[in-house]
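Please put together the full structure from these sequences, using the hints given.
If you count the sequence shown from 1, position 6 lands on 1283 in the numbering used here, and the numbers rise without skipping.
Just to be clear, a hint being listed does not mean it is correct.
[Claimed, not checked] Simulated restraints on C-beta separations: (1) His1401 - Gly1347: 16 to 22 Å; (2) Ala1307 - Arg1395: 16 to 22 Å; (3) Lys1431 - Gly1347: 19 to 25 Å; (4) Val1427 - Tyr1399: 36 to 42 Å; (5) Arg1413 - Ser1366: 26 to 32 Å; (6) Gly1347 - Val1373: 31 to 37 Å; (7) Val1373 - Met1405: 19 to 25 Å; (8) Met1405 - Gly1343: 23 to 29 Å; (9) Gly1343 - Pro1302: 23 to 29 Å; (10) Leu1424 - Thr1296: 16 to 22 Å; (11) Leu1285 - Ile1416: 26 to 32 Å; (12) Thr1409 - Leu1281: 37 to 43 Å; (13) Gly1347 - Leu1377: 28 to 34 Å; (14) Phe1305 - Phe1359: 28 to 34 Å.
Hint data in this document are derived by calculation from the structure and do not stem from the laboratory. A quick note: this is a predicted structure, and the numbers were derived from the prediction, not measured. Glycine residues also receive a C-beta, built at the ideal position from the N, C-alpha and C atoms.
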Amino acid sequence: MHPLLILLTMMVGLVIQSTVLQVQPFSFIAPNLIVVLLLYVSMMRGSITALYTGLLIGLIQDILFGSYLGLYAYTYATVGYFAGMTFRSYLSRQLVMVILIMLGYSFLAELSAYGLSRLFGYAHVDLMAAVTHTLRIMIWNGIFALLLYVPSVKLLATERSRNLAEESL
1278 MHPLLILLTM MVGLVIQSTV LQVQPFSFIA PNLIVVLLLY VSMMRGSITA LYTGLLIGLI
1338 QDILFGSYLG LYAYTYATVG YFAGMTFRSY LSRQLVMVIL IMLGYSFLAE LSAYGLSRLF
1398 GYAHVDLMAA VTHTLRIMIW NGIFALLLYV PSVKLLATER SRNLAEESL
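See the structure below:
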């Protein structure tokens, strides 16, 4: 998939996250679809592509929906880069390991967004409430990661990574 198509897919995910997942049945769940898609980009395309994709989609999210500029751009860029480096060290990409890495980085992404908001005085929420909310988002991101595993492998895979992914299924 061309990098421009990856960015357009992420923008569609941003639209779905900000419209469909904000209505009543899904508003309690509040999964972060962008983090899940970004982690798949980092797994299939590498850390540099995930860094630039996370920076661009985070900047778009900051401009459209953010309170201040740079929170999600920084968070998504760092999570995408370090997740890509982690996925590079686990070349087999077994489904259990992929989901565990995604759960961990989903937790880190939400907690770092809270930490930056708290640092700059925007969030006035207790740490335990933020961790509880982050754990709930992490669980739902894991469920969405399981649902999106096969389509994302088929869409994002290059020929080399497609062979590795089919061996792990």
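Note whether the CB distance of valine 1427 and tyrosine 1399 lies within 36 to 42 Å or breaks it.
Once the Cβ atoms are compared, 38 Å apart, the range 36 to 42 Å for tyrosine 1399 and valine 1427 holds.
Just tell me: holds or violated, for the beta carbon distance of threonine 1409 and leucine 1281 against 37 to 43 Å?
This hint holds: roughly 38 Å between Cβ atoms.
At the C-beta level, are phenylalanine 1305 and phenylalanine 1359 separated by a distance inside 28 to 34 Å?
Hint holds: Cβ distance 29 Å, inside 28 to 34 Å.
Just tell me: holds or violated, for the beta carbon distance of arginine 1413 and serine 1366 against 26 to 32 Å?
holds (29 Å)
Is the distance from the Cβ of leucine 1424 to the Cβ of threonine 1296 consistent with 16 to 22 Å?
holds (19 Å)
Lying within 16 to 22 Å: is that true of the beta-carbon distance alanine 1307 to arginine 1395?
For alanine 1307 and arginine 1395 the Cβ distance comes to about 19 Å; the hint holds.
For glycine 1343 and proline 1302, compare the CB-CB distance with the range 23 to 29 Å and indicate the outcome.
holds (25 Å)
Is it true that leucine 1285 and isoleucine 1416 lie within 26 to 32 Å of each other by Cβ?
With Cβ atoms ~28 Å apart, the hint holds.
So the hint says 31 to 37 Å: do the beta-carbon atoms of glycine 1347 and valine 1373 match that?
holds (34 Å)
Given the hint of 23 to 29 Å, check if methionine 1405 and glycine 1343 actually sit that far apart at their C-beta atoms.
holds (25 Å)
Take the C-beta atom of valine 1373 and the C-beta atom of methionine 1405, compute their distance, and say whether it sits inside 19 to 25 Å.
violated (29 Å)
Would you say the C-beta atoms of lysine 1431 and glycine 1347 sit inside 19 to 25 Å of each other?
With Cβ atoms ~33 Å apart, the hint is violated.
In this structure, the hints that do not hold are numbers 3, 7, in rising order.
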